[in-house]
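Engineer: Fit chain B to the supplied structure of chain A, relying on the hints for placement.
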Amino acid sequence: MASAAKRAPAKKADAKPGTNPTTPKPVEFNKQQELDAYRAMLLIRRFEEKAGQLYGMGFIGGFCHLYIGQEAVVTGLKMSLIEGDQMITGYRDHGHMLAMDMSARGVMAELTGRKGGLSKGKGGSMHMFSKEKHFYGGHGIVGAQVSLGTGLAFANKYRKNNNVALAFFGDGAANQGQVYESFNMAALWKLPVIYVIENNRYAMGTAVSRSSAETDFSHRGISFKIPGIQVDGMDVRAVKAAADLATEWCRSGKGPIILEMLTYRYRGHSMSDPAKYRTKEEVQKMRSEHDPIEQVKARLFEKKWASEEELKEIDKEVRDIVADAVDFAQTDPEPDASELWTDITL
Amino acid sequence: MPRKTMIEAIRDGLDVMMERDKRVVVYGEDVGYFGGVFRCTAGLQAKYGKERCFDAPINESGIVGTAIGMAAYGLRPCVEIQFADYMYPAYDQLTQEASRLRYRSAGDFTCPLVVRMPTGGGIFGGQTHSQSPEALFTHVAGLKVVVPSNPVDAKGLLIAAIEDPDPVIILEPKRLYNGPFDGHHDRPVTSWSKHELGEVPDGHYVVPLGKALIRRPGAAVTVLAYGTMVHVALAAAEETGIDAEVIDLRTLVPLDLDTIVESVKKTGRCVVIHEATMTSGYGAELVTLVQENCFYHLEAPVARVAGWDTPYPHAQEWDYFPGPARVGRALIETMEA
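Just so you know, the protein sequences line up as chains A and B, in that order. Using full-length UniProt numbering, the first residue of the first sequence is number 1, and each one after it goes up by one. Using full-length UniProt numbering, the first residue of the second sequence is number 1, and each one after it goes up by one.
If we strip away everything but chain A, and leave its shape as in the complex, we get (with noise of 0.2 Å):
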């Protein structure tokens, strides 16, 4: 009986070079570009500060992960989409929200619980949805998204529209059993599905070191033939230039692909986070030497694109529209006892 080591090894399918793609240097963007960026990621920044501010006083009750630090992630990806392209993310969504153009408003009321809210507030921060922008929620569930995602990419497929989908999920979530099942079965089904993985180095409380063996996870889809590339999350460039390459990848074809996005998040992972399990220094090491906006800002200034007035005036724009939301969200009645009963299934 021939022992196991006379075996041949076995051949490795993808391992010519050049098949799998790497990771692409960051675009040079244009000065609407980085007016674009610039304004947008400043519009989650100060709309999160402002629902932290509104928690804080007791207007937001449950949960709210804010998504400050990260906003380079989502703006990139959303910047290379085309029309019905589709998102859909965990509960750290009100970025991935505001990214889809939907209303601050309703991102806001829905916090406060009002009837104005995205989901009449029924959903609250994790649960919001928008069918018009082609956003299928938040989702409470760590992981549950994945899958749901992939299902989006099926109809895609089959509908033949040239959609991708994005299922975004953060790196506690790539250590949930079904992120696996939906790997295997996009990559057998050859699906248009990108996952972002946003790796903020905590998963809640717990460092991806301590939680993780691959701490690695744009290799994760390694034993599904699907390639991953690690990205500089912080730098809406290089998101921009990953984001080009996997919507291409997909729309050829070609199945899903990985974007392992390295990004932080300069608050705790709730509210109720002090988040002692990281220092004070690596925090401010982050926000001084790659916060997104201020490299945007960076650029505008050293290229002269933009003077300190003009931005003023973008930051002046954005305060308008997050101050009317917390209005609306402040004064905007509850929802009627009746909508109990309402969007029920019986």
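These are computed hints drawn from the structure, not numbers from a lab. Careful, some of the hints might be misleading.
[Stated by the list, open to error] Covered stretches of chain B (in silico footprint by chain A; criterion: 3 or more residues with CB under 8 Å from a CB of chain A, positions within the stretch not fixed): (1) 62-76; (2) 106-112; (3) 140-152.
Where a beta carbon is used, it is the ideal one built from N, C-alpha and C, also for glycine.
Structural biologist: Same frame as chain A, now just chain B:
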């Protein structure tokens, strides 16, 4: 009209809907090439192609999760969980995602999803291939729950479920796939070919969700049953000579409470039966509803006959199963109370 087994009726229902509606896709473990472990999808892949009827990996959570995504984006997935006992990994998706999509998107999204799964004992599968988990679904707001008792209903309810805008769970009693099993395991199995309910109409028809049917009119006592237990109830009535009114609930959610209340007010007595374990079973809900709605018409305590509160046994399947003897005894006791 050639008579059909419940398996053939289900296959026919899927066929009719795949023919009519391009949005309908059918998948699950062994569902495509193999045609399903109980053959419910046999021939569909050959007829409609691998794009519309296909095999899924063994990952129930992934099967249901992807189906929810498809349903949210306009398809009409009808997936099979190979045994109801395998649905637990998918329970998260069913309860947290499918059942609530309409509610938490404030009506923006619905989830037109059908999940079929064979339920109950019948193949000596023991505790992991014999369970009846209907109460785990009826307890979840937002899921519709169907349990057919014969081929005609199985097809009509399946079509209604596929056309429904919300998620529907269909529990198919595997004991009934080939014949109207009445609980007498020591007698030859009757075939649906010898039963009028094997006469399945061709083409498209609907048995509406939420409509019970009186299978046997009677004046003495109302028996509430679904799935296999409908046939057991009919046998028990026959054997005890008690003029029982046997109601086949057909769908547990939505429930046809009117038919139940009207019957119990007439008979004044009620026996509730199911194969699932007793404690916190769907029977508890039925008893409560009867008590709330018919208390002043009752002449005896409402009785329950159910599976024992144990794991489903392998060798002692027939001691566990609430057959005609146990149901008959409950009928007699309820009449004497």
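Engineer: Please name the hints from earlier in the document that this structure breaks, with their numbers sorted from lowest to highest.
Structural biologist: none
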